[in-house]
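Here the working numbering runs 47 ahead of the position in the sequence shown, where the first position is 1.
Simulated from the structure, these hints should not be mistaken for laboratory data. No false leads were slipped in.
Once the Cα atoms are required to be at most 27 Å apart in a straight line, the calculated DSSO-like pairs of lysine-lysine come out as:
(1) Lys119 x Lys94
(2) Lys135 x Lys119
(3) Lys146 x Lys135
(4) Lys94 x Lys67
Between beta-carbon pairs, the in silico distance windows are:
(5) Ala59 x Gly89: 38 to 44 Å
(6) Glu132 x Ala110: 35 to 41 Å
(7) Pro84 x Leu159: 26 to 32 Å
(8) Lys67 x Leu129: 49 to 55 Å
(9) Gly116 x Ile66: 35 to 41 Å
(10) Phe133 x Asn77: 42 to 48 Å
(11) Gln98 x Ile152: 33 to 39 Å
(12) Asn57 x Ser158: 47 to 53 Å
(13) Arg56 x Pro84: 28 to 34 Å
(14) Asn57 x Phe102: 17 to 23 Å
(15) Pro84 x Ser160: 23 to 29 Å
(16) Arg154 x Val108: 35 to 41 Å
If you're wondering where the values come from, they're calculated on a predicted model, not measured in any experiment. Glycine is no exception: its CB is placed at the ideal position from the N, C-alpha and C atoms.
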Amino acid sequence: MVNHGPAVRNEAENSETAIKARFGAELPYNIGACDDPCSYCGALHWKLERQRGTFTAETAVYAACCQEGAVKLPSTTHENELTPEFLKRLLTDQDRASKEFRHEIRRYNNSLSFASTGTKQDVSRDDSQRRLEERHSVRSIQF
Numbered sequence: 048m049v050n051h052g053p054a055v056r057n058e059a060e061n062s063e064t065a066i067k068a069r070f071g072a073e074l075p076y077n078i079g080a081c082d083d084p085c086s087y088c089g090a091l092h093w094k095l096e097r098q099r100g101t102f103t104a105e106t107a108v109y110a111a112c113c114q115e116g117a118v119k120l121p122s123t124t125h126e127n128e129l130t131p132e133f134l135k136r137l138l139t140d141q142d143r144a145s146k147e148f149r150h151e152i153r154r155y156n157n158s159l160s161f162a163s164t165g166t167k168q169d170v171s172r173d174d175s176q177r178r179l180e181e182r183h184s185v186r187s188i189q190f
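Please work from the sequences and hints to get the whole structure.
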């Protein structure tokens with residue numbers, strides 16, 4: 048790709064017609080690697096996403112990920128104390144059910160990513176394979 052400089056240099060050039068006339072079929076698209084970590088949460092961004100006035104700073108500050116450290120998410124690993132015990136077992140045990148769960152985990156996630164679910168753990172059983180009792184139906188959100 049030939050480097051034509053910035054896509055838009057002034058307000059008059061900021062139209063689809065003007066940009067296509069300048070670049071033809073070879074529109075600029077490369078903004079570099081998405082490898083600039085937020086100094087608060089470590090989320091990766093493009094350098095062009097940095098806050099105004101921080102483009103040359105050694106550490107990056109972004110508002111899009113954690114709002115400059117204002118949002119703190121719990122760990123996403125299975126060691127998180129918010130992860131239910133039955134899910135920790137499915138993620139770490141080596142029995143057949145756990146291995147099958149891990150093998151199919153993307154399918155489960157895709158199926159439930161836009162769904163509302165409700166469950167209650169059945170603690171009346173004393174064994175390690177407690178069942179989940181469905182309390183509400185799964186409601187899918189379709190677009």
